[in-house]
Amino acid sequence: MKLVLKQPSILPGFGLTLGFSLTYLSLVVLIPLAGLFARTATLSWERFWHTVTDARLLAAYRLSFGASLAAACLNLFFGLIVAWVLVRYRFPGRRLLDALIDLPFALPTAVAGIALTALYTDTGWVGRWLALLNIKVAFAPLGVVVALTFIGLPFVVRTLQPVLEDLDPEIEEAAASLGAWRRHTLRRVVLPELWPVMLTGFALAFARALGEYGSIVFISGNMPMKTEIVPLLMVMKLEQYEYAEATAIAVAMLLISFTLLLIINLLQWWSGQRHAAVR
Amino acid sequence: MAQRTLRRKIERFLWRKPRAITEPLVVRWTAIAITFTFIGLFLVLPLAAIFTQALASGLTAYFRSLWDTDTLSAIRLTLITAAVAVPVNLVFGVAASWAIAKFEFLGKSVLTTLIDLPFAVSPVISGTIYVLFFGLHGYLGPWLKAHNIEIVFAVPGIVLATVFVTFPFVARELIPLMQAQGTEEEEAALTLGAGGWQTFARVTLPNIKWGLIYGVILCNARAMGEFGAVSVISGHIRGLTNTMPLHVEILYNEYNFVGAFAVASLLTVVAMITLVLKSFAEWKFKEESVQAAEEVEGLPQ
Amino acid sequence: MSIEALGISKHFGAFAALKDVSLRVETGELVALLGPSGSGKTTLLRIISGLEKADAGAGMVRLHGEDVTTKGVGYRRVGFVFQHYALFRHMTVFENIAFGLRVKRRSQRASRQQIREKVEQLLRLVQLEWLAGRYPAQLSGGQRQRIALARALAIEPQVLLLDEPFGALDAKTRQELRRWLRRLHAELHVTSVLVTHDQEEALEVADRVAIMNAGRMEQFGTPAEVFHHPANEFVMNFLGHVNVFHGRVEGGRAILGPMEIDYSGRPHATTVPARGLVRPYDLEIEHHPNGKPGFAATVCHINSAGPRVKIDLTAESGEAVHVELAHERFRALALEAGQQVFVVPREVNVFVDEGQG
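Residue numbers (this note's numbering), protein chains in the order written: chain A, 1 to 279; chain B, 1001 to 1301; chain C, 2001 to 2357.
Misleading hints may appear alongside valid ones.
Unchecked claim - Straight-line distance between alpha carbons at most 27 angstroms, and here's what the computed DSS-like set of lysine-lysine pairs gives:
{"no.": "1", "chain 1": "C", "residue 1": "2053", "chain 2": "B", "residue 2": "1108"}
{"no.": "2", "chain 1": "A", "residue 1": "6", "chain 2": "B", "residue 2": "1108"}
{"no.": "3", "chain 1": "C", "residue 1": "2118", "chain 2": "A", "residue 2": "6"}
Source of the hints: derived by calculation from the structure; they are not laboratory data.
With the rest of the complex left out, here is chain A (with noise of 0.2 angstroms):
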């Protein structure tokens, strides 16, 4: 069997569109990021093993790490719940808070950062209250999670939404009628339903979570060992004009992101084959 580069097809345009886009994105996106990976080639290996695992970025990583998990999580939980309801419900206000979903999206880091500081420092709107409590949110690792909480927020909700409402009520009823209670349907025919889409938003939010920079340097108050993030101290290396360490933080960054991304691709693809056999 000969190799079929391209089905043939009257419509016009094909070399030069995909010519465009191929140039476009080799130059504006692979080269540059072969460079990335080029750079770090330069560093023998025990200095970038040294790099990635300084006791500094080892705390980073925790702190990245661990926020942007427990972030997902609140996501994943609140998430679900808020596509139930805009989803299922019908009440005054639904459009508008439906709207309001993508703010994060919409909303540039760095406003949302400083906005969430001035509410959660010790005399915010809602840190005062907490401060009662002797809760730190702001300038503590509390506060990356809250900002890390707002920047996935709408991964959650928009992945599950379009998939609830193709959700067949026959389905439930099916359920229904045949003696199941409400809790046991929910739990038994609809969650089961939801798991690879759930999995897929809470892995989006995370992947996002871990990249984020904007947000979090104004919350967070950059303390050395205590409140650095990972792409806070990529940055920093980079203004030292220590590039090659700085690469070598990036590399470790993107083969997380990466793999993240892959798994992602790959649970959209099980879930697809999911749904194909059962239609």
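Assemble the complex: chain A is given as a structure, and chains B and C must be docked to it using the hints.
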């Protein structure tokens, strides 16, 4: 009796699905309450905080801090950046989705994945890769310096980093839409004697109009608001290489809270306009997609 | 305007959609390409239109004697009606029909007024004048179909090509549109090719029918020819219900399931596998053997609702047999389920396996 009709009214109001497949009233109210609290706490309060802080010293102070030469130049730079990044990515998005959605070729799924790549990269890395290329210690740094071309710590670098982070927006909206619409209408136009450009301009473009606008709105919001990538590459030179988000940071770090929040409030207004436009475009865009699905299934007789 | 597609082959990857197919359509004729899905009929139509290219060097397309094999779809001036209509969804009905006139080069383009008149004339032709301002989404399937036809006719095509034109419509609309298309064709006399998988539609509408299967043309002839003299088993099977009796031929006889008949086609003594195909209305039912070849069977089920009575029987040897009788004959026989009867074929088409014996 009256109580029963009232109750029924509330029920009808709350229930869209038949009774058998919804939750008890208490559960529903609790879920709605949680939703309002969560969104109120995380989304509405920050919005309120921005405007309160910006107006903390009164309207005059607010406008005075906006009418500052550095602020004005930051606004100008942000507008320039968006004015370059959005059209460039728009052209790319249309070209890429034409190639991907209307043709079958080897490596198509790889290309589709690569387009999404910038979303998987942390913004600070996006800035870094250009510093590595064009910076003083970068691959092309010495050559650029010899020829007196400034990219890093200058406007071109800011534009490049912004182009990178907003790269996928238009393409990822258009590809699924154009795939759903298929190629029959374009083929029909060709059989009727239309040329390639005529087919694109008169048939394809009107069909994807709202999807395109939707992508542009998202792309523009990100282009104006990007912080991490631009921060790495700009050098934070006041009045020269400061975009609005970067200017917010500078003012904030100087404890000029009114100024910081005043600029932030402008960006917030842009964000809110974005949300309104987006909701409208989304509604139109859904119509486009639904129509595409109907055409394929051959709906009502 | 005649159409000639000669020696056409087409591959999609490793799949051969067309294997050396030739089709000649005379000027003013309406030809139906009939076949199951995947038989290559739509591919052949698209190659004639220029929407698809035949394999390099494999085939030639001529429109009225002019070789257009290498010419683009725009040059060929064919009216193509798509299966899903492919109406431009953002244009009104008027704009849809006017499209082909408006995209012409300025030097050849008609004036606004001429275009308007032309579109109105076409709308009258398809009897949908009142829909000019509507959008495709607001039309019924049958209306969309007729607008698609009007749009194709607007460019005064040399030939008209219709891909499953009634495929997505309900049974009643199909019937109406079929007759309407027949009348329209009689009026315009534009050379037309229509693709369909519905044998009834092909036989009713077309002057000639080309029956396709697995990338080959099985038979090409008038509806009467292909129906009454099927070239092979596939054609007969595809053109309506048949009873199939498996068996063999040897020494001038055909032994087919429960029956044995004379078969002059092959007088040699060698035994060759064969099948006998009989249409349900070519089987007669008798209470007793009448000396003609036939077989005993039991009546299983009777359905008398419809123009003819449909009877399911089981032959002694266990095969299921379907018979259709006229109502008078059925009443005369006074059949009931469970009854023992004798089935006599009037006409059997015997197909012998090629290349054996």
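Now for the hints, and whether the structure bears them out:
1. 2053(C) / 1108(B): holds (22 angstroms)
2. 6(A) / 1108(B): Judged against 27 angstroms, a Cα distance of about 10 angstroms means the pair holds.
3. 2118(C) / 6(A): violated (40 angstroms)
The structure fails to meet hint 3 from the earlier list, while all remaining hints are met.
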